[in-house]
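S.K.: Single-letter residue listing:
2 protein chains.
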Amino acid sequence: MLIQIDFASDLPIYRQLRDQIVIGLATGQLEAGEELPSVRRLAADLGINLHTVHKAYQQLRDEGFLVLDRRSGAVMAKNIPDQPEFQNWLSRQLEPLVAEAICRKMSTNDLQALVRTLDQSMRQLKKDGEMQNE
Amino acid sequence: MLIQIDFASDLPIYRQLRDQIVIGLATGQLEAGEELPSVRRLAADLGINLHTVHKAYQQLRDEGFLVLDRRSGAVMAKNIPDQPEFQNWLSRQLEPLVAEAICRKMSTNDLQALVRTLDQSMRQLKKDGEMQNE
DNA sequence: TATCTGTTATAATTGTTGTATAACAGATAG
DNA sequence: CTATCTGTTATACAACAATTATAACAGATA
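These protein sequence lines map, in sequence, to chains A and B. According to the numbering used here, the first sequence is numbered sequentially starting from 912. According to the numbering used here, the second sequence is numbered sequentially starting from 912.
To be clear, the hints were calculated from the coordinates, so they are not data collected in a lab. Be aware that one or more of the hints could be misleading.
Since the list gives no way to pick out one identical chain from another, each pair is judged satisfied if it fits inside one copy or across any two copies.
Claimed, not checked - The calculated BS3-like cross-link candidates involving lysine-lysine, where the alpha carbons are at most 25 Å apart (straight line), are:
| # | residue 1 | residue 2 |
| --- | --- | --- |
| 1 | Lys-1016 | Lys-1037 |
| 2 | Lys-1016 | Lys-989 |
| 3 | Lys-966 | Lys-1038 |
Note that the structure is a prediction, hence the values are computed from the model and not measured.
Using the sequences and the accompanying hints, generate a full structural model.
M.R.: Rendered as structure tokens:
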């Protein structure tokens, strides 16, 4: 899976890494149980420090997406644990974005369509990937 | 309008301020053309530094939400300028959130419902506020 | 004149981010 | 056994962002 770091972004590197891995999982570019490169390997490939990769891996582990094992390395979780607060957390994240959309006179339909398009395109990519594995 | 700062949040103070003002505008707690407290006044009320308020006001001005005038102070913009890149920007903001929702097995319907609820409740609040002014 | 407005400058502090170097414990391949 | 790989921890340092503090300025206003 291709990972691209934007060193001019306002988002920290470890956050870009974390986000892209989550997106990779949602789109089927990464599968449950799949091995990730070691912190040193990925750091070398991306030209960054191993601690930066480690920080991203730690966050993904704390979020339940990644299992870290001293022997086998980093493996995408097979069962992502339920986080009962997730919908509330997501709601808080979305609130300022939806508010800004309203302020900028975006219609309810356009907003819904935008979310639907994102959601559907990711789910379709995942589906396609699973098709290929059969 | 009530503003609450969480000093333990991972979000910077000026960002919380900015977000709450945008939410206030979307929900009708703030109206176009309404005056905001001066940087010193608001800073004193919230127990923070005037520069922190100034930074939030500056960002809101850069985003087109606020008009700053040396004499009249800070006034919510009457006409928020179009930002042609807004939908693309919003899409990039939403991408990792939608991805995480998919990873956490949230259904398309639940995600749509969550966004719709946020959108509708804000629009309803704004409508109610406008009703009262007639 | 005194007081209010946003704005600018400067400095100090604190926390975050990223890098560098080094080491450790455990697993594994030769 | 040795060499090499894994995540993990520790320490130090540099760069930057966020926040505070103090002070001053220009312009408007009561």
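S.K.: Now tell me, hint by hint, if it's right for this structure.
M.R.: Each hint, compared with the structure:
1. Lys-1016 - Lys-1037: between (33 Å within a copy, 13 Å between copies)
2. Lys-1016 - Lys-989: Classified as between: cross-chain Cα gap 13 Å, same-chain 42 Å, threshold 25 Å.
3. Lys-966 - Lys-1038: neither (30 Å within a copy, 45 Å between copies)
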